[in-house]
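**Student:** Build out the structure end to end from the sequences listed, making use of the hints.
Chains A and B, in that order, give the protein sequences.
At position 146 of the first sequence (counting the first as 1) the number is 165 in my numbering, and the numbers step up by one without a gap.
At position 230 of the second sequence (counting the first as 1) the number is 1119 in my numbering, and the numbers step up by one without a gap.
The set of hints was computed from the structure by calculation and includes no laboratory data.
Heads up, a few of these hints could be off.
As the list claims (entries may be wrong) - With the Cβ distance kept under 10 Å, some of the chain A side facing chain B (calculated, not the full set):
#, residue
1, 48
2, 49
3, 50
4, 52
5, 55
6, 57
7, 70
8, 72
9, 75
10, 77
11, 205
Said to hold, decoys possible - Restraint ranges, calculated between C-beta atoms of paired labels, are given here:
#, chain 1, residue 1, chain 2, residue 2, range
12, A, 145, B, 1173, 26 to 34 Å
13, B, 1033, A, 177, 32 to 40 Å
14, B, 893, A, 109, 54 to 62 Å
C-beta atoms are modelled at their ideal positions from N, C-alpha and C, and glycine is treated no differently.
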Amino acid sequence: MYSVSDIRKGLKVEIDNQPYVVIDFQFVKPGKGQAFTRTKLKNLITGNNLDRTFKIVESLAPCDVTDVNMQFMYADAEGYNFMNLETYDQVSLPAEAVGDAKNWLIDEMQVNVLFYKGRAINIDLPNFVELEITYCEPGIKGNTATGTNKPATLSTGAIVGVPLFVEQGEWIKVDTRTGEYVERVKR
Amino acid sequence: MSPDGIRARAKVLGAMRRWFSDHGYLEVPTAVLVPSPALEEHLHAIPAGGGFLRTSPEFALKRAMACGLGRIYEIGPCFRDREHGAWHRREFTMCEWYRAGGEPEDVMDEVESLVRAAAAALGVREPGPWRRTTVATLFAEHAGLDLTLTTARDLSGEDESWDDAMMRRFVTDVEPALHGAVFVADWPASQAALARVRDDRAWPVATRFEAYIDGVELANAFHELLDAGELRARFEAANRARVDAGEAPHPVDERLIGAVGRMPRTTGIALGVDRLVAALMSWDGIGAGRVE
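**Tutor:** See below:
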């Protein structure tokens, strides 16, 4: 068991038979009350947030989550398929479990697949990925104005806002946590 | 710790002392090392030199009120063990002021004026307008509960006391939703500490309010309890709760019990100075203004 003083960002715990990760926490102590740690947790299966407050004397159950580095192979009607490059084991995740990460997944990308009690439930992408622009309006050369964006469709089908000077066929770096353009990259 | 943080803190301390002087308050430095710390179950005093480091200057300042002073204040260090976080330290700076003949609404006016003076000294926008509301109103708004009718199980679903369940729900659902400057009054009588209890509300409440800025608890005010017998009973109840919780009982402050009958009708308030600076500067904790 974890004690409340073990709570850190990224700690994975089990609550009501569901796996959660701590995304934020704070020590709080009302002037006339006892000490608590207020936490913001994310359900690793549903992605839903949960606010939970623990007394300092309480304990939290660790959760049986492991992450395994795997390579994305392909998506089909069944879901998204990944392979462990060491053991060649393959797993398939349903689209709901992959969620918005599908916007950034390209063939052969390596990701961390999360397993809860042996079942693949979620994936962790790298913070930054490089993707090709398959369609956007022609660029305006020399226009480096910031703050003005145009939509660009990426090879995964995702649409992101890019600066006006960026051209179709170029590769860009995207922050997978915010879904925002970072910079152009040479390929 | 940062140079700008330390300068900001100095500006606020200067503005506070000017405000107190302008409003007729006398600065009264009291002992930091005391024989009897607060008895509240959830306060943990640090033993030192055969006594304790004070958890607040409350008892000493009330004895000063009983000796005939009408408006007094103190700004100085206080110590509470087992408290550490972005907004908590074991050692922190408290400001308390006491005033004869005032009503809680007058103290709210004073907090607004003092905070305005501190914001002006910092050159930042003053928080406000202040909202004046009650604990029960906020539970209705943010938890959808009629606090006066709830049980512990309604509040938290855990097997715990009503006060623990109420506080757990308060810090989970209510406190994070307190945007802007808010006075929260009418706390349950069971959380009165040393405030008078009034029975002219739908349920028994303490004549006590808290001041919040953007979800940070800044100050706690009482209409002070003046009945020596009731004060002793509350001290004894607090010590029983300490023992039940596995904590050592604390010596009862007989000097305060002896003096309380000579106090005029008094309002008192304790305000966290580190937090005031941090809230006005929009810091995400109190560390930047402190040298630790």
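**Student:** Which earlier hints can't be squared with this structure?
**Tutor:** 11
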